[in-house]
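Place chain B on chain A using the hints.
Line by line, the protein sequences are chains A and B.
Be aware that the first sequence starts at 0, since it is given in numbering that gives the first Met the number 0, and climbs by one per residue.
Be aware that the second sequence starts at 0, since it is given in numbering that gives the first Met the number 0, and climbs by one per residue.
No lab work stands behind these hints, which were simulated from the structure alone.
These numbers were taken from a predicted model, which means no experiment stands behind them.
Check each hint, because a few of them may be wrong.
DSSO-like cross-link-like pairs, simulated, lysine-lysine; straight-line CA separation at most 27 Å [as the list claims (entries may be wrong)]:
1. B:Lys89 with B:Lys77
2. A:Lys86 with B:Lys80
3. A:Lys87 with B:Lys77
4. A:Lys138 with A:Lys87
5. B:Lys61 with A:Lys86
6. B:Lys61 with A:Lys87
7. A:Lys138 with B:Lys61
8. B:Lys77 with A:Lys52
9. B:Lys105 with B:Lys89
10. B:Lys61 with A:Lys52
Reference excerpt, derived from the structure (chain B facing chain A, CB under 10 Å, subset only) [claimed, not checked]:
11. Gly30
12. Met31
13. Pro39
14. Thr41
15. Leu42
16. Gln44
17. Phe52
18. Leu55
19. Gly63
20. Ser69
21. Leu71
22. Glu73
Positions of the beta carbon are idealized from the N, C-alpha and C atoms, including for glycine.
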Amino acid sequence: MAAEGSNSIDALGQFQLHSALGAVGGSVNFTQSNLMMVIASVGVLAFLYLGMKPRAMVPGRLQAAAELGYETIMSMCLETIGGHEGKKFFPFVFTLFFFILFGNLLGVFPLFFTFTSHVMVTLALSLTVFILVTVVGIKEHGLHWFTYFVPQGIPKALAPLMVTIEVISYLSRIISLSVRLFANMMAGHVMLEVFGSFIVMLGGLGLLGYFPAALSLGVNTLLIGFELLVATLQAYVFAILTCIYLHDAVHLH
Amino acid sequence: MRPASTMKLSRIVPLLAAGLLMLPAAAMAKGMPQLDFSTPLTLSQVVWGAIIFIVLYIMLSKTGLPMVASVLEERATKIAKDLNEARAAKARADAGMAEADQATAKARAESQAAINVALEEAKNAAAAQAETLNARLEKQLHDAETQIAQARASAMSAIRQVATETAATVVARLTGMSPNSAQVENAVSSALAARGIG
Chain A
0 MAAEGSNSID ALGQFQLHSA LGAVGGSVNF TQSNLMMVIA SVGVLAFLYL
50 GMKPRAMVPG RLQAAAELGY ETIMSMCLET IGGHEGKKFF PFVFTLFFFI
100 LFGNLLGVFP LFFTFTSHVM VTLALSLTVF ILVTVVGIKE HGLHWFTYFV
150 PQGIPKALAP LMVTIEVISY LSRIISLSVR LFANMMAGHV MLEVFGSFIV
200 MLGGLGLLGY FPAALSLGVN TLLIGFELLV ATLQAYVFAI LTCIYLHDAV
250 HLH
Chain B
0 MRPASTMKLS RIVPLLAAGL LMLPAAAMAK GMPQLDFSTP LTLSQVVWGA
50 IIFIVLYIML SKTGLPMVAS VLEERATKIA KDLNEARAAK ARADAGMAEA
100 DQATAKARAE SQAAINVALE EAKNAAAAQA ETLNARLEKQ LHDAETQIAQ
150 ARASAMSAIR QVATETAATV VARLTGMSPN SAQVENAVSS ALAARGIG
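So that you can see chain A by itself, here it is in the shape it has in the complex (with noise of 0.2 Å):
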């Protein structure tokens, strides 16, 4: 995360995508970002095979962080979506929570990658969710469906701008749902890359510089804590509006 040059601030550098694994992951174009979800997906796995392996009565602490994990989510699940069908999606949802989580918190630790910060990867997350959402809505009630874009009781002269209103905000959640993710990461990486280097940039200046750098420095430090904190919300906020939109195409509103 080290500026590039003295002069100027190269905050989107560190976004950019090149082949990792050397020449192999080159061939067949794998990149550093792909290389990061191999290692939160062998995170996830690791904490919950690691983790239960004791299989205690009592858990230790591990256990008892993977038990945690396990019950919030199924309980997400039965509380937002509903009794069986939350624990139809419970998998899904606890996979695509861990992969989120994991590869947000590992994107804090210097030198690594997070691939929650493109918006394509995201993207293609959110349009999972929502093909997801859209078969799931249309297997349960067949064309029925279609009516839970016509909101109940309204006038009939109405009805076409209420519909494509409906609709448009119900394909609004794919570029909602990912861009909030994405720009919420990237945020928050440009901002420890543009102090970052502003503790390069005046520590260079010499003793007037001193200063203002340990008060960057000050900053980062404060930023790395909220940035845990958003990496955690933000997958939260992207499980739970999972649930919410898996609950909808159960229920029909």
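Frame of chain A, contents of chain B only:
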């Protein structure tokens, strides 16, 4: 979306503003790497991402999550079993307690009855004893009274003789001649009668 930030960062808002102002000028000129479609990596990462996500989903839903579920279920059944056992033990203890209470109540009633019987017997015995004692005392009293009456009667009859002899002697000394015994006896009799003794 970031409520906590407004308070914490209020002091460093000027710095933040400076940083943000420098952003567009310094960075946006190049364009965002996220939207750089001149490199195939922007889209290839999505393909790889999809593969990785699907593999993660399968591994989690087939092994990882069932593992957690089995442990949680095991614990839930264990807890339920222990609770049931505890409930059964409590029921047993309650039953034992009730039994003990019953036995105590029965023993108390029995002992109370025994006490009552013993008390009654003692009372009867005491009453009988008192009766015999009373009868004996009564008899002794009666005997004593009879004896006293006899003694009194014999004493009374002796008095007449003594009085007669004493009177005859007194008369003989005073007059020098022995009195008529019949006259003395009459005088003594009348004197005794006058005093209510004879």
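Okay, the hints, checked on the actual structure:
1. B:Lys89 with B:Lys77: With a Cα-Cα distance of about 18 Å, the restraint between lysine 89 of chain B and lysine 77 of chain B holds, given a limit of 27 Å.
2. A:Lys86 with B:Lys80: Between lysine 86 of chain A and lysine 80 of chain B the Cα gap is close to 25 Å, so the pair holds against 27 Å.
3. A:Lys87 with B:Lys77: Distance of about 25 Å is within 27 Å: holds.
4. A:Lys138 with A:Lys87: holds, 14 Å
5. B:Lys61 with A:Lys86: holds, 14 Å
6. B:Lys61 with A:Lys87: Holds, at roughly 13 Å.
7. A:Lys138 with B:Lys61: holds, 24 Å
8. B:Lys77 with A:Lys52: Distance ~18 Å between lysine 77 of chain B and lysine 52 of chain A Cα, so the pair holds.
9. B:Lys105 with B:Lys89: holds, 24 Å
10. B:Lys61 with A:Lys52: This hinted pair holds, its Cα atoms lying about 16 Å apart.
11. Gly30: Result: holds, 8 Å to nearest chain A Cβ.
12. Met31: It holds, given that the least Cβ distance between methionine 31 of chain B and chain A is near 6 Å, below 10 Å.
13. Pro39: Since the shortest Cβ distance to chain A is 5 Å, the answer is holds.
14. Thr41: holds, 6 Å
15. Leu42: holds, 7 Å
16. Gln44: holds, 4 Å
17. Phe52: holds, 6 Å
18. Leu55: With a closest approach of 4 Å, the leucine 55 of chain B hint holds.
19. Gly63: Constraint on glycine 63 of chain B satisfied, holds at 4 Å.
20. Ser69: holds, 8 Å
21. Leu71: Status holds, d = 7 Å.
22. Glu73: holds, 7 Å
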